[in-house]
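Enquirer: Residue numbers (our numbering), protein chains in the order written: chain A, 1 to 392; chain B, 1001 to 1103; chain C, 2001 to 2485.
Keep in mind that the hints are not guaranteed to be accurate.
Partial selection, computed: residues in chain C whose CB lies under 7 Å from chain A [unchecked claim]:
hint, residue
1, Phe2004
2, Leu2007
3, Ala2070
4, Ser2079
5, Glu2135
6, Asp2136
7, Leu2325
8, Tyr2328
9, Arg2472
10, Val2475
11, Lys2476
12, Glu2480
13, Tyr2484
Keep in mind the hints are simulated off the structure, nothing from the lab. From the three backbone atoms N, C-alpha and C, an ideal C-beta is built for every residue, glycine too.
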Amino acid sequence: MITLDTRAARFSGEAPTLERHVVRLSTNALRPRSLRKREAYLMGDGPVPEGFAWYVRVGSSVEGAEGDGHLPLIQLPSDFRYLADGDILRVFPAKSLVRAIFRKGASINSFLLTERCNNLCLMCSQPPRNVDDGWIVDEILETLAHIDFDVPEIMFSGGEPTLLGDRLFELVQASKSFLPRTSLHILSNGRSFADAEFARKLARIAHPDLMVGVPLYSDLAHIHDYVVQADGAYDETVRGILNLKQEGVPAEVRVVLHKQTVPRLANLAEFLARNLLFVDHVALMGLEMTGFTKANLADLWIDPADYADELRKAVGILDRARINTSIYNTQLCIIDRSIWRFAKRSISDWKQEFMSECEGCTVRSECGGFFSSAGLRYSAHIRPVAKIECVS
Amino acid sequence: MSGPEPKPAPLVLSFPLSMFSLEGIKRATYALMARATVRFETTPGEVRCILIPTSLKEEPEALERDFRREVVDQDLRISIEAQTEPVRNAILGLTFSRTGLQE
Amino acid sequence: MSKFQALKSYKSSLASGYRLLPFRFTQLHGDEYVLSNLIGEFVILDRAIIGQFAQGKLDPGGAAYEELKAKHFLIDDDSNVAVDLLALKLRTKLAPLANFTALHLFVTTLRCDHSCPYCQVSRANDDLREFDMSEDTALKAIALAFRSPSPVLKFEFQGGESLLNLSLIRFIVDEVERRNLEERRELQFVIATNLALLDDEAIEFARQHNVLISTSLDGPEDLHNRNRPRPGRDSYARTIKGIGRVRKELGRDRVGALMTTTAASLERGREIIDEYITQGFHGIFLRPLSPYGFAVKTKSYQSYGQEKWLKFYFEGLDYIIDLNLQGYPFTEYYASIILRKMLTPFQPGYVDLQSPSGIGVAAIVYNYDGDVYASDESRMLAEMGDKTFCIGNVHRDSYEDIFLNDRLLEALESSFAASAPMCSWCAFEPYCGADPIFHHTTQSSMVGKKPLSAFCNRNMAIFKGLIERLRRPEVKEIFERWAYS
């Protein structure tokens, strides 16, 4: 698990500003001078180039090195030794706050657009808060301008991104303008797209590589509504998916696997094959032990080994219907061998871990591993896969 | 010289019009035409169906049971068709509402 | 303390009653009935429950209610998006109709080297050219074919024996390709041939123009040769040799085979299937007995023929299912067409199982003499003396004369299943079709009285048989694969 933020950053020297702002990190001593004014130099052993807005030192003694004195300096604990060229920091000197909001080398770069949400999923990994956090949009707009444009993919999530209304479209447009070669994945409950005009507005931006990921938890409305704790959500979500596809926006269906969704998983697969055959992808996802999951564990927990059969059947139905399907966040040893090819390594590197039971496993490098939060609860059937099982 | 061909015995079934519809009875006779030809006699409040099996092998109990079942089923169908006609038209309206097609 | 509501509070809207969506029901077996919705999605229910359901008394907490709701047989205060979804699915099913005629069959000659007893159309005399299609006729037919709006145009060459007039086929293909430089449709060419006369020239031609070969294989050698006599009594040997040659020189998937079912075939289903496997095919079309050329109007065709044929069909199907379960992928094509209608939102576009009927709408036949027929059966019927379904002639009639012909329109309209008695209330109607030519031939009525119709009886038996088999999960997986391929 990587540390992304700290309130223990030490600031010294003449700060360019005490307000919250965003800087790109550079390790290039020959960075063009005009760009240095809005970037931070990540110090190493070599000579220190002039002209940067900030200088970042990771992990050395609290007093700092000699000659640092006049530089606008940020000292970070050694947890931040992963920082690299192209990463982006949120810096808030007035509150001694630094957060790595973008890491160029990360497998997935996700931006939280807002903490507000109109659902309240039992297993929400980002519990909503009804706050006025419009400043986040401004910060992301600023960040997008700093991201190197060879980054392959970014993600917008929340909370519920579509609650931003037109500001969401501003963000999508900015992604298109600043990062035309970067895939954009938006996670949304889809309900706002039940308004066809809203879907149309998104489509009109014509982002070259956009996908909207929408959760759907059952073929029966009342079960979906229960899981997301919102009456009427199911109908809006389905209409939202239909409108997105009608307008030519790629859409995927995401299903979190737990006690409430697993019993009718095969029925849901059939429902998708009959009614939403044209979705671009279906993601079946293991449960993450964070956020609300802990509070609702009794209603949610089922050992994944106990739903291996339902999962196999559901994947079979989707695959025969030629729907592009993936399994995320589930370990290989507890899913049926016949569906291993659908399992993708999806846990962000900064969240991924393995357990002691994994000792000696020969397929570790293909396996998605665990969320670090899994320590709370994970399958009782984890066991290393022996070499002989690997032979196809 | 052989005698005239034996004919199957006619089966007479009564249906009170307070409980069964004429339309349903007609549909049932159509549906079972391979097994019986049917003549109607109507009196106020009642329809009498005279069924003549088309085959000597037809068992009268089976024919009666199936005919009565068919009449009940047809009445149910007529009721369902009437109940669902508005929503059927709504769906058809939606189906043809856009000139562009989804796929 | 919990801000989370229990499941039951999301179920409260179910208590306020539900409304029926359009559906039909038909007996499956005893008290078990099949219910199908507007687009053919089905459930199996006990008869008693149907009554409860229709009267608004079905318990919202029960499994039947959940299944009916999930499969769009009802809506309630909790959810009504089913209406949008049904409209969308119906649109998907109907959309291909707008493409209109995709299949254009050209009868290039009636000359043939075989003299199969079940064939109505061949003239044995090899030399006479009066039974060949002329270039002038071909040009006019091609012009009509391109009037179709279909983005895909499939040109199929038949006879007699097509390869006896390869030069005309070549002429037609060249002309079609020339026109297509501007038209830019997707083209497919198929030659139906017995392969007895396959030579280097024909192979080279097929290679150059990407032509598919469709041949006849009625079963093992003795059966095939008995059905399909030719001088030398070597039809089978030549067919097998031809198949091998096409596979080797054009490609494994460039040749398909069709069987004709005769009384002799009915006892030998397994052997026929085994023959197809031996010859490298991955599927077979178990075709019904053709009514054309037999004593069509007698009842003996209808009842006798159907029972034995159905036994043949299901023995073959079950054998094929076992083959699949044992790991050999092999498809029964008639079942796969029906399964595509039953299990997917797609329309298979098989001419003989469509309503409105596929005659003229999906396929059209241009005979050697320029006469235009609504289907191949229409042509066979004409050879038997009944020209009811001849809808024009390329030398005399325009596209509009032919396709807006009263005979064609009447056949399409009167046979439309959704308005016909029996069909209009049949749960299997979404899987079925209208066959005005068959009903005209056997009952002198294009609609036909379905309870007396071999077409209806046969198809209903097949629908029920497939639904019964779908109840086995391992068979359902096989059938789903067939349906989506």
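Enquirer: Can Val2475(C) be said to touch chain A, with a Cβ gap under 7 Å?
Expert: violated, 13 Å
Enquirer: Identify whether the interface hint at Tyr2328(C) stands, where standing means a beta carbon of chain A within less than 7 Å of its own.
Expert: violated, 18 Å
Enquirer: Holds or violated: Tyr2484(C) as interface residue toward chain A, Cβ cutoff 7 Å?
Expert: holds, 6 Å
Enquirer: Closer than 7 Å between Cβ atoms is the bar; does Arg2472(C) clear it against chain A? Give me holds or violated.
Expert: violated, 14 Å
Enquirer: Should the interface hint for Lys2476(C) be scored as holding, given a Cβ-Cβ cut-off of 7 Å against chain A?
Expert: At about 9 Å, which exceeds the 7 Å cut-off, the nearest Cβ of chain A leaves the hint on Lys2476(C) violated.
Enquirer: Does Asp2136(C) pass the interface hint, meaning its C-beta sits closer than 7 Å to a C-beta of chain A?
Expert: violated, 46 Å
Enquirer: Is the interface hint satisfied for Ser2079(C)? The criterion is a beta-carbon contact with chain A at less than 7 Å.
Expert: holds, 3 Å
Enquirer: Using the nearest Cβ pair, does Glu2480(C) come within less than 7 Å of chain A?
Expert: holds, 4 Å
Enquirer: Let me know if the C-beta of Ala2070(C) comes in closer than 7 Å to any C-beta of chain A, holds or violated.
Expert: Constraint on Ala2070(C) satisfied, holds at 4 Å.
Enquirer: Minimum Cβ distance from Glu2135(C) to chain A below 7 Å?
Expert: Violated - the Cβ of Glu2135(C) stays beyond 7 Å from chain A, reaching only about 44 Å at its closest.
Enquirer: How about Phe2004(C): closest beta carbon in chain A under 7 Å, or not?
Expert: At about 6 Å, which falls below the 7 Å cut-off, the nearest Cβ of chain A leaves the hint on Phe2004(C) intact, so it holds.
Enquirer: Close enough to count: is the Cβ of Leu2325(C) nearer than 7 Å to one in chain A?
Expert: violated, 15 Å
Of the hints listed earlier, those the structure fails to meet are numbers 5, 6, 7, 8, 9, 10 and 11, in rising order.
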